[in-house]
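Asker: The primary structure of each chain is shown beneath.
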Amino acid sequence: MILVFFHSVKLSSYQLVVPVLAAIACVYAWNLVLRQKKTIWEAILWTIFWGFIGVIAVYPGIISYLSAVTGIADQENAVLVTFLGILSFIVFYLVIRLEELEQRHTKIVRALALREAGLEKNDR
Amino acid sequence: MIVAVIPALNEASRIARVIRDAKRYADAVVVVDDGSTDETATVAGREGARVIRHIQNGGAGAATMTGIEAARALDATIIITLDADGQHDPSDIPLLLKPVQEGRADIVFANRFGQRNKIPWIRRIANSLGNAVTFLSTGRWVPDSQCGFKVFGPKAVWQVDLRMSGFEFCSEIVRESVRNGWRVVDIPTRVLYSEYTLAKGQSFANGIRTAFKILLRSFLR
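In order, the protein sequences belong to chains A and B.
Each step along the first sequence adds one to the number in the working numbering, with nothing skipped, and position 57 is 78.
Each step along the second sequence adds one to the number in the working numbering, with nothing skipped, and position 157 is 176.
Think of the hints as simulated: they come from the structure by calculation, not from any bench.
Hints should not be assumed to be uniformly reliable.
[Said to hold, decoys possible] Calculated cross-link-like contacts (lysine-lysine; reagent style PhoX-like; alpha-carbon spacing at most 25 Å): (1) B:K232 to B:K169; (2) A:K128 to A:K58; (3) B:K42 to B:K169; (4) B:K174 to A:K128; (5) B:K42 to B:K117; (6) B:K117 to B:K174; (7) A:K128 to B:K42; (8) B:K232 to B:K42; (9) A:K128 to B:K169; (10) B:K232 to A:K58; (11) B:K174 to A:K58; (12) B:K174 to B:K137; (13) A:K58 to B:K137; (14) B:K169 to B:K137.
[As the list claims (entries may be wrong)] Have a look at the derived ranges for each label pair, beta carbon to beta carbon: (15) B:R159 to A:K128: 23 to 31 Å; (16) A:R125 to B:T56: 20 to 28 Å; (17) B:F231 to A:I74: 16 to 24 Å; (18) A:I69 to B:R143: 29 to 37 Å; (19) B:I144 to A:F73: 53 to 61 Å.
For each residue, glycine too, the CB sits at the ideal point set by N, CA and C.
Looking at chain B on its own, in the form it has when it is part of the complex (with noise of 0.2 Å):
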């Protein structure tokens, strides 16, 4: 069973088409509404998704998590993770299904910087930031690993355990690969960056926060 997991934070104008497009891929789809102050939950249960409501913003780690559980619960033996703003372009969803459906990957990571993609410099560095210190703290070069498109294979659906809770829980997927000796494919995807998805993602403070929790848990844990 394929299950499509999307987090989402106030996205009541973008997640009906993302869980359109996610239902011609998924047996189901699963939005965590991770304390919407907007109409975010009540639009994705009229799209058909299963919507598991948290009481409070967790971020986006612990809305991951929570749907990974709830994937788990209704017996999912593959996992897509979804960005909830539309950047993902979901034809791309059967290439990142392919390697594990074919048993030649437990995890795979959607590239945005694999292809020609329109993407701002500000947020190129950030990236590469986030994949270097990923790297220092993991010792596995993930090109993207910063991306919440990814498709976790059963082995990895069941072993994955993301215990932060804000964006560097991205790091953490790799961690876990590293930790749990999962098969790894990188596949690159188109990115549909606009003005609202630009605004929405991380900022470079943010980034450089993210970096410092990752590298201090890395170290201290």
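In isolation and in its complexed conformation, chain A is listed as follows (with noise of 0.2 Å):
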């Protein structure tokens, strides 16, 4: 039925692959939630998102006020700031793995301090 759905409105692979992506990534942030990794209402935000990034995909005209308001009329805009939207994952990616590192470091640092004060670290 799903199928037949998909083939009376002509969607395109993209159309029918980015909103699973979006639902696998709402899956996984709701699972999150129920290993206490992440809280209700930050998973609340994702879904959101990824929500808003499937419903584009599915009705791409919906977003042609936004292309009105910002000047994405042609392809090579489009081109530029898909461009864009890639340096801003990488950027963000970046600062995650930075911020790993430094919690690493704070590891080490605290682990020391702590020896040294003869406070090792207590699982209770």
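Two chains, two frames, some hints: make the complex.
Answerer: See the structure below:
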């Protein structure tokens, strides 16, 4: 039945893949909530974000307003904006990696400080 | 056992009084010297505090978590966290301890804006921004989320896990309260601002940077 729906509305492969990826991202977020690694609030924000991405993929017409406002009217602009998006993602990724390194460094400094003070980690 | 945790960076001129005040209400005082270049550690040791020394400056969040781990190793059941610059009135400690000792709260936040304190307007704006960003990223409204004066009850003592090193740890504590389902109480407290404490506090630009990191972290976590 789902296949009949997709066939009837004539979706491109992009329009099929992106909503599936968005759904997986949402399921992953709520799975983290169940494992108490993410709060419900963060999962809601995550769901809104990926829901928006999924809806835009299926109904690209709804961002025509955005297109008018930003001036992304032709393909050259779209390519430029896409690459800016990719660069932003890379910057975010690097920020997160740097934070992880900072956390590792902090853990080493902390372990040394506690050991020096004779207060080893107490995992009750 | 009640343990006071005081993260400190270059507070040699202030730390002695803060330790003496904290000792009136806590069974032990832990001072985390976060890479100070002055005599903070020496003064703290002389006042009878348990001193933990970071070999390098890690930030307020890193120092607070080190203090919490030290308090756990000392078998703390309640932890009081205090700023080392003496801006908190120690006579407020019993007020903050009460909800935890009565079993009504897992964490108690001091609220510097809950009564008539002389707080500069730029500080009020920065704190309001901090509260708003904390609410956006955690979904919980805390009237003074960025205050370092807190009391952790037994449940919070063993569950808290701070990963953020800088001042954003205050918002992370609010997140921990949501994630672990802690009962939260906030108590209006006095604040003793001076030129010294105002000069040592977070700048507005630093507050913006902190807000950005909180939002980024909460989204990509």
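Asker: Between B:R159 and A:K128, does the beta-carbon spacing fit 23 to 31 Å?
Answerer: For B:R159 and A:K128 the Cβ distance comes to about 27 Å; the hint holds.
Asker: Does 16 to 24 Å hold as the CB distance between B:F231 and A:I74, or does it fail?
Answerer: This hint holds: roughly 22 Å between Cβ atoms.
Asker: Run the distance test for A:K128 versus A:K58: straight-line Cα separation, threshold 25 Å.
Answerer: Holds, because 20 Å separates the two Cα atoms, which is no more than 25 Å.
Asker: For the pair supplied as a hint, B:K174 and A:K58, is the alpha-carbon distance within the 25 Å limit?
Answerer: holds, 17 Å
Asker: B:K169 and B:K137: Cα distance at most 25 Å?
Answerer: Holds, because 20 Å separates the two Cα atoms, which is no more than 25 Å.
Asker: Is the hinted pair A:K58 and B:K137 satisfied, with a Cα-Cα distance of at most 25 Å?
Answerer: violated, 39 Å
Asker: Against the 25 Å threshold, does the CA-CA distance of B:K42 and B:K169 hold or violate the hint?
Answerer: Holds: B:K42 and B:K169 sit about 16 Å apart, inside 25 Å.
Asker: For a C-alpha distance cap of 25 Å, please report whether B:K42 and B:K117 respect it.
Answerer: holds, 17 Å
Asker: Does B:K232 pair with B:K42 here, judged by a C-alpha cut-off of 25 Å?
Answerer: Not satisfied, since the Cα-Cα distance of roughly 35 Å exceeds 25 Å.
Asker: Return holds or violated for the Cβ distance of A:I69 and B:R143 against the range 29 to 37 Å.
Answerer: holds, 31 Å
Asker: Could you see if the CB distance from A:R125 to B:T56 stays within 20 to 28 Å?
Answerer: For B:T56 against A:R125, whose Cβ atoms are near 24 Å apart, the range 20 to 28 Å holds.
Asker: Between B:K174 and A:K128, is the straight-line Cα distance small enough, at 25 Å or below?
Answerer: holds, 23 Å
Consistency with the previously given hints fails for numbers 7, 8, 12, 13, 19, ordered from lowest to highest.
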